[in-house]
Amino acid sequence: AQSVTQLGSHVSVSEGALVLLRCNYSSSVPPYLFWYVQYPNQGLQLLLKYTTGATLVKGINGFEAEFKKSETSFHLTKPSAHMSDAAEYFCAVSSYNQGGKLIFGQGTELSVKP
Amino acid sequence: DGGITQSPKYLFRKEGQNVTLSCEQNLNHDAMYWYRQDPGQGLRLIYYSQIVNDFQKGDIAEGYSVSREKKESFPLTVTSAQKNPTAFYLCASGPSADGSQPQHFGDGTRLSIL
Chain Y
1 AQSVTQLGSH
11 VSVSEGALVL
21 LRCNYSSSVP
31 PYLFWYVQYP
41 NQGLQLLLKY
51 TTGATLVKGI
61 NGFEAEFKKS
71 ETSFHLTKPS
81 AHMSDAAEYF
91 CAVSSYNQGG
101 KLIFGQGTEL
111 SVKP
Chain H
1 DGGITQSPKY
11 LFRKEGQNVT
21 LSCEQNLNHD
31 AMYWYRQDPG
41 QGLRLIYYSQ
51 IVNDFQKGDI
61 AEGYSVSREK
71 KESFPLTVTS
81 AQKNPTAFYL
91 CASGPSADGS
101 QPQHFGDGTR
111 LSIL
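Chains Y and H, in that order, are what the protein sequence lines are.
Every letter in the first sequence is one number past the one before it in my numbering, and letter 35, counting from 1, is 35.
Every letter in the second sequence is one number past the one before it in my numbering, and letter 98, counting from 1, is 98.
Everything labelled a hint here was simulated from the structure, so no lab data went into it.
Each hint should be verified, as a subset may be incorrect.
Claimed, not checked - To list a few chain Y residues with every Cβ distance to chain H over 10 Å, as calculated:
no. : residue
1   : R22
2   : N24
3   : S28
4   : L44
5   : L46
6   : L56
7   : S73
8   : S80
9   : A87
10  : S95
11  : K101
12  : L102
As the list claims (entries may be wrong) - Coverage of chain Y stretches by chain H, computed from C-beta distances (three or more under 8 Å per stretch; other residues unrestricted):
no. : segment
13  : 15-21
14  : 63-71
The beta-carbon is built from N, C-alpha and C at its ideal position, and this holds for glycine as well.
Start from the sequences, fold in the hints, and give me the full structure.
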């Protein structure tokens with residue numbers, strides 16, 4: 001079975017500071033990994049994905065994530081936080097044998113202080 | 001523009017009443033999904049469908065029913081058997097069942113009990 005753990009349900013950073021949101025996964029087969037962002041009362045928007053190939057993945061809005069197989073991690077980073085980054089972030093895992101189903105972490109709410 | 005449309009945005013249910021949430025997509029995706037979102041619990045899969053006239057239970061299917069008579073449509077019925085229906089419901093679609101492509105999400109329906 002697959003699972004995702006996001007460390008920290010709430011993260012607060014100052015504007016201009018580094019953003020680091022942690023995600024660890026469990027999967028018995030090669031995983032596909034995704035980060036989504038959700039603004040209040042809206043659906044989820046894809047930030048970036050890892051399927052195969054380069055382990056450092058760049059996404060929208062200046063976010064990137066690195067797939068580390070040895071650490072079973074897929075942490076999300078952004079060098080400099082902006083007020084508009086305040087939202088909830090979800091890490092999700094899938095694989096070729098899951099029928100397209102996504103398993104989500106519990107989510108991390110990011111606050112950005114001026 | 002291609003996308004997923006969920007309606008209504010807000011819905012209220014009386015005791016003993018069944019209510020139906022609409023989900024329509026014009027992305028020509030084969031697979032469609034329904035998730036339930038509760039604070040601090042991430043997204044949990046209710047039902048999914050990989051092809052017309054076929055669907056499978058997800059992790060929390062009890063008290064819910066679906067149909068998939070058309071490729072574009074995947075309505076969810078919250079029955080009176082669902083004793084705690086208050087939640088944010090998200091519909092998603094995906095181009096394939098192999099899990100490597102990201103799912104696209106609608107803007108959700110918030111269901112409350114009167």
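Right, here's what the structure says about each hint:
| no. | hint | result |
| --- | --- | --- |
| 1 | R22 | holds (15 Å) |
| 2 | N24 | holds (14 Å) |
| 3 | S28 | holds (14 Å) |
| 4 | L44 | violated (4 Å) |
| 5 | L46 | violated (5 Å) |
| 6 | L56 | holds (18 Å) |
| 7 | S73 | holds (18 Å) |
| 8 | S80 | holds (25 Å) |
| 9 | A87 | holds (14 Å) |
| 10 | S95 | violated (5 Å) |
| 11 | K101 | violated (6 Å) |
| 12 | L102 | violated (6 Å) |
| 13 | 15-21 | violated (count 0) |
| 14 | 63-71 | violated (count 0) |
Checked against the numbered hints listed earlier, the structure breaks hints 4, 5, 10, 11, 12, 13, 14; every other hint is satisfied.
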